[in-house]
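Q: So you can see what is in the structure, the chains are spelled out below.
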Amino acid sequence: MKKRLPAAILLLLVLGAALVLRVTPYDYAFQDRDAIMAPATALHSSGTDELGRDRTVRVAAALLIGLAGATAAAAITTAIAACFGLLAAFSPPSIAAMLMFLSDVFLSLPWFFLLMMARSLLPLTASPLVTAVVTFLVLAALGWPACARAIYRGATVLRSSEWMIQGYACGLKNRQLIRLHLVPHLRPLLMPQFLICVPAFIVAEANLGALGLGVGEPMPSWGAMLLELDNSALLARSSWVYLPIALLVVVLLILESFTAEVETNA
Amino acid sequence: MLNCLRSSLAIASLTALLTIFAPCQSAPRLHGELAWAIHYDPKTFDPAKVDEQASELVRYLTGGVLLRINRQTQEPEPQLAESFQVSPQGTLLVFRLRPGLRFSDGSALTSADVAWSLRRVLAPATGAVVADEFLLPTLVTVETPDKLTVRIHLPKRIIGVGKIFDEIAIEPANRPSEGRITSGPFVVTDYKRGQYLRLNRNPYYWRRDAAGAQLPYATSLRLDVLNNREQEISLFLRGEYDLIDGLSPDYFDVLARRSPQSVRDLGASLNTEQIWFNQASVAPLPDFEKAWFQNRRFRVAVSEALHRADLARIAYDGHATPAFSFISSANKIWYNSKLKYPQESTAEANRFLASSGFHRNGNQLYDSAGHPVKFSIVTNSGNAARLKMASMIQQDLAAIGMQVTIVPLDFPALIERLMHKQDYEACLLGISNAEPDPSSMMNMWLSSSPNHQWNPSEKIPATEWEAEIDKQMQLQASSPSQQARKLAVDRVQQIVADQLPFIYLVYPNVLQAISPQLRGVQPAILAPGPVWNIDYLRRQGGAR
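Sequence order for the protein chains is U and E.
Taking our numbering, I'd label the letters of the first sequence as residues 88 to 353.
Taking our numbering, I'd label the letters of the second sequence as residues 800 to 1343.
Simulated from the structure, these hints should not be mistaken for laboratory data.
Accuracy of the hints is not assured; some may be wrong.
What the hints assert, rightly or not - Examples of chain E residues toward chain U, derived with CB under 10 Å: (1) R1028; (2) E1029; (3) I1032; (4) R1112; (5) S1144; (6) E1147; (7) K1187; (8) M1191; (9) A1197; (10) V1206; (11) P1207; (12) D1222; (13) E1224.
Unchecked claim - Covered stretches of chain U, going by a simulated chain E footprint (3 or more residues, C-beta under 8 Å): (14) 118-125; (15) 130-142; (16) 209-221; (17) 300-311; (18) 316-322.
Quick caveat: nothing in here was measured; it's all calculated off a predicted structure.
Glycine is no exception: its CB is placed at the ideal position from the N, C-alpha and C atoms.
Just chain U, same shape as in the assembly:
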């Protein structure tokens, strides 16, 4: 019951955003040069930005891009972490120690700066869509070590559990053991990792966008829109400038509530 309300709100937000993009006549990149920083009107329900672009359309597109990208990146990073953690857990102790050492080294590197470097190495002509995909892929590729250690710990406990030993004793093959015992018992471990990654990647993309390294213009992203908050002159001109940050906080709170719920159940 507790989980239903935030899930419903999130679903409503996603459906609402999709509906906005479907019914609004404007493209997110369209500049209405006669309506710069326009107030909310029937034409532009939350006004326009500094280039006359419809703010509602851009916020809706940023919501969908951010959520879709972060969800996909979280799925990829959780999958990589699961593979790495399981490999270590079911390997001999010396190999497991080496793999975990590698994971720790990976974790200790200054990834934020390397991520900025990797993002800036993209060809100059990379389209905004490519920059969006690459940004989330890079986040996915760099986000797995912390999850891998958690999964390794959980899988190590599972490996020596009584039902696994019983399975071995009954002559179950590895495939059967993984399908029947391991995956169902790992799910409560993987789900929180996945749910933690989604808001973290949304925030990471917003951070990169605020540094000018996220999704390329004119594709909207939370990071680029949050940059407007850096300009008090804009804040004085329209309260709708706060819409992206307000929506970001709502989405992050919803996602955190999912995580808390799953962790409690686990």
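Once you've looked at the hints, dock chain E against the given chain U.
A: Here is chain E on its own, set in the frame of chain U:
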């Protein structure tokens, strides 16, 4: 990784909060003191080694000079020299110093000090930027027949030679002091790196006002090192600062609402904003792209597709003037008013493209070989107006089927691409012109120059029109006739308008905020802006 990202976010937030709420690190304002902000620390206080804006300002405020350019009339006026003569051949300059001049420590200033300062600037070991303006600095000789006379022999005539002496501060011979002993209005007395610089009045300054009162009026100046526009404006509104030079358009309107009597829009500056295509034959670009960029009709089509009035109105909130020449319309003497402004018509742009074999398929433009016309425009991150212009150009060019990607880069990365690797397709950037005379722009127009941005350091001019620009620029730099110089500069402007190696967009306006308490300000668009007549500036109620 997650922890890393969270930590980064937390650090970024904390930094932002500290930046916003940190108390100003400036020293308290003294009686009769004027205060304003500079955006970074001066690199040097040695007046001979100045090569950036903050150091230039300190030199202007502290250095005594033989001649000073009046920033309103743009003519040189005598300062330490009471007279200045040029021989008919233009190779001998004779300065006569004012009698009784003294440095800020009370010691006498004579022709020996002037000769020593000039020789130091001319010496290659000093590396003075201003030395290049003497054309052949090692062949310049300086004589001092008596304590008040200085004779300078030049190997060849230099057009507008008087203006060079505006940049040469006279220091005590053999005692370079980095602004601690000066012959100008102020003296460096206190400097805290990253915080503030304080300049006190030179008690032995030669100048007096019409009533005989000692100048400058201000007892001291405090220049806070502050690179935060929000904080600068807040301190200005609180009366902590007396002026802001180079106000951004966004904040101009904010200030105009809160303190309308403080803000001034002086109209178009001498600076230009432009885009250009990389035409260098050594650029690591595909041949078909080089062919586009070297095609005049392609460049004309781009120019026709842009809406400059929109750029000025939207990116600069109306505080810019549409541009079509490298000489600003504010530069009345040199601007070529006969240039034909582009029609800014998409149909006209399409016509030029079609005549060069380009064709449309849906929303995408293709060249005659079937390559889709896609390119990137690099620009520097952190300049809001420029990034807005880039987005608008992206939409304007999309209307003629060109797919443009905007790539903001930090400045060092941008310079690396432009100057060293030449690895870019198009660039959007501004040029700051400190002087109205086109001679100061020689390094941008001569085809052999490394600053000839669209095709740097050409061994021989790559095209006939570039050879013609070289010829006309050399002519204007050496001709003693003002009329001949004007004709040559007009011709260069016409060639640039026809060939469009640079596609000019706007001239940003000069925006300033001046405290209503500040008296004696005379508006000027040339650097150092509102403080060019610093001798006469004072706060109402301050010491006089």
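Q: It remains to establish, for every hint, whether it holds in the given structure.
A: Outcome of the hint check:
1. R1028: Holds, about 9 Å.
2. E1029: Hint holds; E1029/E Cβ to chain U Cβ min 6 Å, cut 10 Å.
3. I1032: Hint on I1032/E: holds, closest Cβ of chain U at ~8 Å, below 10 Å.
4. R1112: 8 Å, holds
5. S1144: 16 Å, violated
6. E1147: 19 Å, violated
7. K1187: 6 Å, holds
8. M1191: Holds - the Cβ of M1191/E comes within 10 Å of chain U, reaching about 7 Å at its closest.
9. A1197: 8 Å, holds
10. V1206: With a minimum Cβ separation of about 5 Å from chain U (threshold 10 Å), the hint on V1206/E holds.
11. P1207: Holds: closest Cβ of chain U sits about 5 Å from P1207/E, inside 10 Å.
12. D1222: D1222/E check passes; min Cβ-Cβ to chain U is 8 Å, inside 10 Å.
13. E1224: At about 7 Å, which falls below the 10 Å cut-off, the nearest Cβ of chain U leaves the hint on E1224/E intact, so it holds.
14. 118-125: holds (count 3)
15. 130-142: holds (count 3)
16. 209-221: holds (count 5)
17. 300-311: holds (count 3)
18. 316-322: Since 4 is at least three, the answer is holds.
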